[in-house]
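Assemble the complex: chain U is given as a structure, and chains R and E with the ligands must be docked to it using the hints.
Chains as they are written, first to last, in our numbering: chain U, 1 to 220; chain R, 221 to 590; chain E, 591 to 731.
Since the hints were derived computationally from the structure, they do not count as laboratory data. Quantities reported herein were computed from a predicted structural model and do not represent experimental measurements. By construction, the Cβ of each residue, glycine as well, lies at the ideal position given by its N, Cα and C atoms. Some hints could be false.
Here are the simulated lysine-lysine pairs, DSS-like style, with alpha carbons at most 27 Å apart [unchecked claim]: (1) K503/R - K569/R; (2) K267/R - K664/E; (3) K503/R - K341/R; (4) K480/R - K503/R; (5) K66/U - K140/U; (6) K411/R - K341/R; (7) K39/U - K577/R; (8) K577/R - K686/E; (9) K276/R - K336/R; (10) K569/R - K39/U; (11) K39/U - K567/R; (12) K577/R - K195/U; (13) K409/R - K267/R; (14) K567/R - K195/U; (15) K709/E - K664/E; (16) K566/R - K39/U; (17) K267/R - K336/R; (18) K267/R - K503/R; (19) K101/U - K336/R; (20) K370/R - K336/R; (21) K101/U - K480/R; (22) K709/E - K276/R; (23) K336/R - K411/R; (24) K448/R - K411/R; (25) K566/R - K577/R; (26) K534/R - K276/R; (27) K664/E - K503/R; (28) K195/U - K341/R; (29) K480/R - K534/R; (30) K503/R - K709/E; (31) K409/R - K370/R; (32) K145/U - K195/U; (33) K534/R - K577/R; (34) K577/R - K567/R.
A short, non-exhaustive set of chain R residues, derived as facing chain E with CB atoms under 10 Å [said to hold, decoys possible]: (35) S256; (36) P262; (37) A373; (38) A377; (39) N454; (40) R458.
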Amino acid sequence: MNEVDFLLWVKGPAFTVAVVIFVAGLVLRLFEILSLGRKHNFAVSKGDPMQGGLREMWRRSIPADKATFERSLFTIVAGYVFHIGLFVVIFLLAAHIALIKSVIGFGWPNLPTPVVDAFAVVTMIALIAVLVHRLRHPVKRFLSKPGDYVVWAVTFLPLLTGYMAYHHLLLSPQMMLGLHILSVELLLVLFPFTKLMHAFTLFLSRWYNGATMGMRGVKS
Amino acid sequence: MRTTQHEPHEETLGERLRSQGISRRGFLKFCGLLASSMALAPAMVPKIAAALEQAKRPSVIWLSFQECTGCTESLTRSHSPSIEGLIFDAISLDYHHTLQAASGYGAEEARAEAMKEHYGKYVLVVDGSIPIGNPGFSTIAGISNLDMLKEAAAGAAAIIAVGTCAAFGGLPKADPNPTGAVSVADIIKDKPIINVSGCPPIPVVITGTIAHILTFGIPELDSLGRPKAFYGQNIHDRCYRRPFYERGLFAETFDDEGAKAGWCLYKLGCKGPVTYNACATLKWNEGTSFPIEAGHGCIGCSEPNFWDFGGFYKALSIPTGMTGQTAVYAAAAGIAVGVAAGAMNKKAKMDADSLHKTVTVDELNQESPS
Amino acid sequence: MSLHAIPVHAEAAVTGNLRPVQHEIRQALSELIAHGTHGMIDLHSLPFSPQEYAALDDFLGEGEIDLTLNVLGKTRLRESSYAGIWRVEHFDDNDKRIGYFIEIGHVPEILRSQCDDIKEGLATMTTILAMEENDNEDDAT
Ligand code: SF4
Ligand code: SF4
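Excised from the complex, chain U in its bound form (with noise of 0.2 Å):
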């Protein structure tokens, strides 16, 4: 298999099997966690529940408390600079967006490559932070998980293949570009069973947060 060969492979099947992994996956678990519902509640409630839950929902997006933001003002500037960073990198060059067209029909305008590139460079910055962080405050390496490292390889690995992809280091394009899909493709299938779920059951959690401490009154 040659250098071609393999590119072909990552773009062709490789990249549909995972794209059906990724998609089926993440149904599954949103149903499974949907489809478990909550009990009724029969007693009537004083606050109303809808408004508690969207306002935690977006009372945790914001560092409203200045005691924690103080306290954990690394994790917070820097988680949210890799997040941000990714949305950029993932969602505004002109290739991916090509690609998102390609599979749902429609896109978007990019941003110029330079501009995708120094988020690019600031996310894999902040996402090495955030490991070495990890690995020296002793409360949170004890609650890390070997999966909690897998996730951040799965995450760095497209960012750095891409990077060098696009300034064609190290190895040829072809190869490196190959590379580059493959975490992709690593990425999604790793998705839906992993942490990275958190993407979309993050605002459910929150919702459900704000709704309980929103009800005020007792479940019957």
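Frame of chain U; chains R and E with the ligands shown alone:
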């Protein structure tokens, strides 16, 4: 090609060019242009001149298998007396069934004779791929391509696979490859093979490779067996539209404002970022321009399997097999499994509930002392 | 209609190769003075935009010599306003430029009489003179 000669004096290249009325100044000009076409530094010119002066005219046997003759056209359309033409004159083309006057058995005799006379010394040029699905798919004078290649390769000093078909299988090998086409390198394993890929290759790249063999022997090759001097550079790296790629300015259709302003053709399917060829520097039609200058993206013609890259007009990043429909099916499957899993979870929950026994205060008091 | 008659509107392109070439020429010129090395730069194998060709032409300026040779098509030699820097342009039979070099030396290589040609000339001249002298002796006797 440089073995000591016991036979009567064989004409050297220098002598031959001079006998054609080319002066030493002309020869020097030729060598300068040759260095330029071989992508060598001008400082190499004296070395090229010395080597060419001494080189013997090699016998060349050109075999054409499953091909469209485009490669031969590419070479012969370069008008004379171009350097291409001069290099072409510098070899003794003993067999080329498209170009030679003889045909059928007469031609085959010429081939057999040249092979015998120059055994172990001739250069074998091949264009076209070889069908191994059924030898009858392509024959010349009743001889299958496979047999002819094996026979001719046995006595060759080196093989030049001209065109993507000979180098990598090319169009005949495109999915679903009905003839079972393979490349020269898939069959011949014990001879140096130089892949001059392209569909067709740039004429000066064909002749530049021949010139390199004449002067300095086999050129340095990349991992796909192509001369690095010509295939060492990426189209995208050398593309004059690159600044637009960087700025994120892309033509969306072939006639929009972006296309008219010469913006990058990535979204229109340009495969330049993964293609190695000399188009952007040597250019086509005597250096006039190259496809991207004419407003069409690179289709990656010098790379293996470029026909199956997933569509000439689809951006490189677009997956080849994936469609929105597949994703919808996947989602449906996910829902189905999700419903099943959800039902099972629900059942587990209910079972747990039903197993739940109410404990009375008495019972608790009884257990606690233990 | 020639190719040049077709209007092509390309945006002003900058390849970034002009500066390095200018410095390479300067470097080669100082090499020529220091060690007498003959320098040569191949402009055709570099990506160069028409604007950059023009800018380089302006930079070099016109000198005193402008020669056209007739070898395998035409070849034009132009000295620049800097002594020792020559533009060498090779054309084919259809007057299409197929090679463009900058040479740095006392005289472009192609202009020199070639050593082998000189030797051959000497041999020919010797033979002719010898033959003429033979004839003269024959006449005298
Ligand atoms: S037109 Fe093609 S080769 Fe040129 S910059 Fe765009 S993608 Fe690269
Ligand atoms: S631009 Fe690309 S497709 Fe066109 S000839 Fe060159 S390598 Fe082949």
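Going through the hints against the structure:
no., hint, result
1, K503/R - K569/R, "violated, 72 Å"
2, K267/R - K664/E, "holds, 24 Å"
3, K503/R - K341/R, "violated, 33 Å"
4, K480/R - K503/R, "holds, 21 Å"
5, K66/U - K140/U, "holds, 21 Å"
6, K411/R - K341/R, "holds, 12 Å"
7, K39/U - K577/R, "holds, 19 Å"
8, K577/R - K686/E, "violated, 99 Å"
9, K276/R - K336/R, "holds, 18 Å"
10, K569/R - K39/U, "holds, 11 Å"
11, K39/U - K567/R, "holds, 14 Å"
12, K577/R - K195/U, "violated, 35 Å"
13, K409/R - K267/R, "violated, 32 Å"
14, K567/R - K195/U, "holds, 26 Å"
15, K709/E - K664/E, "holds, 25 Å"
16, K566/R - K39/U, "holds, 12 Å"
17, K267/R - K336/R, "violated, 32 Å"
18, K267/R - K503/R, "holds, 26 Å"
19, K101/U - K336/R, "violated, 60 Å"
20, K370/R - K336/R, "holds, 15 Å"
21, K101/U - K480/R, "holds, 24 Å"
22, K709/E - K276/R, "holds, 23 Å"
23, K336/R - K411/R, "holds, 18 Å"
24, K448/R - K411/R, "holds, 19 Å"
25, K566/R - K577/R, "holds, 19 Å"
26, K534/R - K276/R, "violated, 48 Å"
27, K664/E - K503/R, "holds, 22 Å"
28, K195/U - K341/R, "violated, 66 Å"
29, K480/R - K534/R, "holds, 20 Å"
30, K503/R - K709/E, "violated, 40 Å"
31, K409/R - K370/R, "holds, 10 Å"
32, K145/U - K195/U, "holds, 11 Å"
33, K534/R - K577/R, "violated, 64 Å"
34, K577/R - K567/R, "holds, 17 Å"
35, S256, "holds, 5 Å"
36, P262, "holds, 4 Å"
37, A373, "violated, 33 Å"
38, A377, "violated, 29 Å"
39, N454, "violated, 13 Å"
40, R458, "holds, 6 Å"
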